[in-house]
Amino acid sequence: MDFDGLVRDFPDLTTTGLEQGAIYALVALGYTLVYGVLRLINFAHSEVFMIGTVAALGTWQVMGYNQNSSVNGIGIILLLLLAGLAAAVVASTLTAVAVERVAYRPLRRRNAPPLAFLITAIGASFVLFEAVGLFSDDLGIGGQRTPFGMVDVMQSETLVSIGGWDITNTQLLVILSAIGMLVALDLFINRSRLGRGIRAVAQDPDTAALMGVNKDRVILLVFVLGGIMAGAAALLWNVTYAFSRFDVGFLIGLKAFSAAVLGGIGNLRGALVGGLLLGVVENYASGLFGGEWKDFTGFVVLIVLLMFRPTGLLGESLGRARA
Amino acid sequence: MNAHVEKVRARGARMRQRWQNMPRQVRWIAIIALLVFLYLLPNRWFYINLWYFRTMESDMATVLFETSFFVLLAVGLNVVVGFAGLLDLGYFGFFAVGAYTVALLTSPESRFDIGWPWLLAVPAAVAVTMLSGVILGTPTLRLRGDYLAIVTLGFAEMIRLYAARNEGIANGQRGIPEIPHPVPDLKGSDGQSVFGVVDARPYYWLTLTIIIFVILGVRNLTRSRVGRAWVAIREDEDAAQIMGVPTFKYKLWAFAIGAAVGGLSGALFAGKQSFINSDSFQLTNSILVLAAVILGGAGNVYGAVIGAFITWYLPEWVRGIGGALGLEINVAEYRILIFGAVLIIMMIFRPQGILPSRRRAAEFADRRQEAAPTEASA
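Just so you know, the protein sequences line up as chains R and S, in that order.
full-length UniProt numbering numbers the first residue of the first sequence as 1 and each following residue consecutively.
full-length UniProt numbering numbers the first residue of the second sequence as 1 and each following residue consecutively.
This is chain S alone, in the form it adopts within the complex (with noise of 0.2 Å):
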């Protein structure tokens, strides 16, 4: 069995190997061959040849576009969790915070009715719900870890709450209708908004971008001083802080980088449904996030990506194969009591997820070595 794992674990370094031997313009093809590939996906057109890969019972356009704002909700979670070790169970708290600013701001049923653009409300949106995680985090960052878990989960619970039961401003369960969609002035060949109600592409469009830049914004943080002090925090914090690291800091930096691609996601939500209310932020969609985050391997960005497609995309294409072969399999029903078990199965057997990034994959070997002694003595 051991030897089993040690190979596979051979085989992925090789992997590895071989990609980063190859020349340079040979990758620079591969990615833009993956990102043009991504891009065209949406198109009727071209997914239709896809027969094995695209949704069969929902509209491809719409479950691309859910995935990807849910990738790029792991992308941000993976900066707390996965690079800065934090446990951050309420990120959609911040989703929500996000969400309500750009609707309090532009929508004009708002108790405000100031009737923002929905381009301008959106780093207004960043800026509140980064402002928030700092608030959030100031007091509780400086407590232990586990601490931490629950306050953002508490958090979570209080802003959902609030938004149900607050009538003044964020109008209860009713919630908050007419928010606009991106730029309505962009208008297409046919004379409609391109950020329209019916086609999801521009929307899915949107998303991929905002993502690339987010990941390439997170690769270049991880790779700087920033990141490194992260990765110190997250293998010792103690011997960090001894080290010289100013690790409250950086746990804020990361909490509130974190919170921002939250609130980012949420603006993005709120632009494309045009109407929120609390139900949109269910407890049980923070914790998706993180099954995804930890699915595909913490502290990995590519990881995190993994994970979120495989926790929105694959349920509804198991959906949709079972419609095709006349089975009544509701996977996404059962979804969560699926990722419950994933979770503990990982945890105990492939703790570092599914595409890990090296060093943490070998934190955990490490851990696991020293444990080696005790149990052959027990």
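Just chain R, with the same shape it has in the complex (with noise of 0.2 Å):
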């Protein structure tokens, strides 16, 4: 136990903490979604996320920009950072659409039980991140079941001092499009006439359809949005940690779905405050116990949470969150 290490870390813990926790959030929406409206967990959304990562990666090596090139210029970073986006956005969709018409439409006509969903689900996940583990020598993005190193787009500077609390571009920026990404998803889902159909599937899936909510187009809305979320998440990935890895989603995923339950799954604003909270308790137990504690303790947060509040800390449900 390092208290005086906490107290004096304190400020620093707390901004990296945040900084993940957006990354987690992104990416718990996605499962967020997809739970609130068909109860199921999309255990391939990791998948879809590394596959962000790697496109986004595989973009701006295409670009001329390895891991030893040094980027100047805000131009080019805008460009590059706009690039990556695209790329990994674009990726991310495809592959949430490619899992669900693949792995999830099928059974969903079949009636199958909730474990096959579950099953299937990993069933994709396992052929996608051993197809990129396997083959990325010959997609040229690095060794067989390597890290892929990567430009680092954007150095870390400080940009803001206050009182010994440094806040970095990059965590500005992670943080920031995070909770912009959100309350446009929010504002999203409760005010157009597309997100009415999302909650109005979630809430009953039957008597949506029988109001004349096309619920097969709903479902792939929900897969494609989560996707979206995933890419984004993918590139600030991208841009803090300048690295990937056929494997890196099984991690990421596992702490984003925790994040979601947290917050309360099928919650959208419960999936950011799952996640911040999340990243910054795993980095405020990292200072106390030492860096190899730091996933270890969001497993037992998320145990423990779960047995005194099962629903999570705002409740579950997208269908019941503004109806």
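One should not assume that every hint holds.
As the list claims (entries may be wrong) - Non-contacting residues of chain S with respect to chain R, defined by C-beta distances greater than 10 Å in every case (computed): (1) Asn21; (2) Arg24; (3) Phe37; (4) Gly115; (5) Phe364.
Stated by the list, open to error - Pairs of lysine to any residue, SDA-like flavour, derived with a Cα cap of 25 Å: (6) R:Lys294 - S:Asn285; (7) R:Lys215 - R:Ile303; (8) S:Lys249 - R:Ile303; (9) R:Lys294 - S:Arg174; (10) R:Lys294 - R:Pro147; (11) R:Lys294 - S:Leu161; (12) R:Lys294 - S:Met158; (13) R:Lys215 - R:Leu115; (14) S:Lys187 - S:Tyr39; (15) R:Lys294 - S:Gly168; (16) S:Lys249 - R:Pro310; (17) R:Lys215 - S:Glu370; (18) S:Lys187 - S:Met22.
Keep in mind that the hints were calculated from the coordinates and are not lab data.
The beta-carbon is built from N, C-alpha and C at its ideal position, and this holds for glycine as well.
Both chains are sitting in their own frames, so use the hints and assemble them into the complex.
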């Protein structure tokens, strides 16, 4: 126990925690959306995120930037960010939709039990990450089952410093964009016509279908939205860590799912709260007990919370969030 | 297509019928012949004649040991997933707990250094894993099924991370060496210990014997009050609860029994390898066992056995065949990719598995029929 360390590094641990938490939150949105509508843990969502990181990395490589090149000039940084974002979002969305089409839709048609969905999701997840792990050198991304290094798009530098509390440019970018994405998504779900369809199906699929909501299209839309969020998270991950791996999605996916459950699965704002909270708690724990206990703490928090508040901090349900 | 499926199904039923109509003596002889075959299998003079069945490139006895130990895991997981319908994604967590318990109790290199013999440590390992199953199950089994999947997954990762990073007890990445082999005093005709380093056969025989006992136990359980309660919970938990089945208690039982079998195989593994570290407990292994159970047919012990056999033995066998034909096929490398695809395809076209339990197959057919009208109207 290192209380002095915790107190000394408290500001830094908080900002790092918020930064990581923001990425968890964006991925958690994908879990929460799909769970809210389909009552299904989209186990393959972690791979949707992973494909996003790899796609952005590949795009940067095609543009001639690898791990040894340095980036100078705000114009080029913006260009790289936008290109990476576009690639990550497109790749993640396509992956999410493909998973829906191949792994989930046939089962829905056959009225399969919930366990079957989880098993196909695991299958899809394994196919995706093994494919990336095995064929990455053929694709020119990196060696077989090795970490992929990439260009460090934004050099991390301190922007604001308030009484020893340093906030870097990447941290600001990550946290602000995550909150921005969430606000946009929240508005979309709560204010638009398509969003109303999503809420309707989440509340009661059969009645929604009777009222003329196209259920299959809503489900597709949910996967698209989840894919977009995961793509954005993938870009932010690349900017922060400048590294990816074929199984990078696993731990992030597990954390993000924990975050979704923490906040109350099916609840969009809960995903943000849960994500940020998990990130911060983890970092405090690593300050207190040492870095090797960071991942451990996340699971402990999840299990303890599930024991005392099984519906999460803000409660479940996409439909009832603003009925 | 549907008519064809019906025909195949009818053929399966007829086979079963024919088997059951055979005289009792014939069935016994068939079973004994199969057992004798299984026990003879790792002997070189025996399998050398089975050129189309044996593995070409890897040591047959070692492969058989690994397969048998994988089968034991599948039989244990089948209790949890197949009978009670609880999705446990972190089965290797229990395996790790069992292996580490044995290692800590027996190895002179462990922190405790109490040096129990292996045989004494095995019941302790089983008890500890069972307890850990109860501790993990008590809070989580009250939750919905899909949370259970994630919590068990998290549990397995926690165990692995703890083992990898804890220097005090688990020795971190260095692991725990010098775990004694089972029964070192049992000497063979050459004066060497029967359970040694080179020969994998005794371990295979030991595991095979344990599997037979576990299968007998599990079969009796499924035909008892407990087994009927499991089926009721799997089919409809709410209905079971209303009919007076204490669902939580029986779910916890299934979880604990599954955990105990997992711990037992962990103890066996530790006794054979005589060295463990956290790398032995990768998550992919948990998924492979699950894939084996689903592939073979969850809910049927023999289905689980066949699934595990296919999952472990087949890739080794194909590699050997490829080598004999002068091809470089490393199926083991692609195993997880292939099984991922197989899981999806199985769930879509044959969710009941290769050798399903009859009741479970009927459940799936039922659900499919319920879906049929909506499909027609859509």
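Each hint, compared with the structure:
With a cut of 10 Å on Cβ distances, S:Asn21 stays outside the contact zone with chain R, its closest approach being about 33 Å. The claim that S:Arg24 is not at the interface with chain R holds, since no C-beta of that chain comes within 10 Å of its own (minimum 37 Å). Chain R leaves S:Phe37 outside its interface by the beta-carbon criterion, the shortest separation being 33 Å against a cut-off of 10 Å. Non-interface status of S:Gly115 relative to chain R is upheld: no Cβ of that chain comes within 10 Å, the nearest being about 29 Å off.
Against the 10 Å criterion, S:Phe364 falls within the reach of chain R, whose nearest CB is about 8 Å from its own CB. With a C-alpha separation of about 24 Å, the suggested pair R:Lys294 and S:Asn285 falls inside the 25 Å cut-off, and the hint holds. A threshold of 25 Å between alpha carbons decides the hint, and for R:Lys215 with R:Ile303 the separation of about 34 Å lies outside it, so the pair is violated. Distance hint between S:Lys249 and R:Ile303 is fulfilled; the C-alpha atoms sit about 20 Å from each other, no more than 25 Å.
Proximity of R:Lys294 to S:Arg174 is assessed by CA-CA distance (about 21 Å); at most 25 Å being required, the pair is judged to hold. Taking the CA atoms of R:Lys294 and R:Pro147, the gap is about 21 Å. The hint holds against a cut of 25 Å. The hinted pair formed by R:Lys294 and S:Leu161 meets the criterion: a straight-line CA distance of about 10 Å does not exceed 25 Å. A hinted pair counts as satisfied when its Cα atoms are at most 25 Å apart, and R:Lys294 with S:Met158 qualifies at roughly 11 Å.
The suggested pairing of R:Lys215 with R:Leu115 holds, with an alpha-carbon distance near 21 Å, which does not exceed 25 Å. Our distance criterion of 25 Å between C-alpha atoms is met by S:Lys187 and S:Tyr39, whose separation comes to about 20 Å. Between R:Lys294 and S:Gly168, the direct Cα distance comes to roughly 18 Å. Compliance with the 25 Å bound is thereby established for this hinted pair. Straight-line distance between C-alpha atoms of S:Lys249 and R:Pro310 comes to about 19 Å, which keeps the hinted pair within the 25 Å bound.
This hinted pair checks out: R:Lys215 and S:Glu370 have alpha carbons roughly 18 Å apart, not beyond 25 Å. Between S:Lys187 and S:Met22 the CA atoms are separated by roughly 43 Å; this puts the pair beyond 25 Å, and the hint is violated.
Violation of the numbered hints given earlier is confined to hints 5, 7, 18; the remaining hints are satisfied by the structure.
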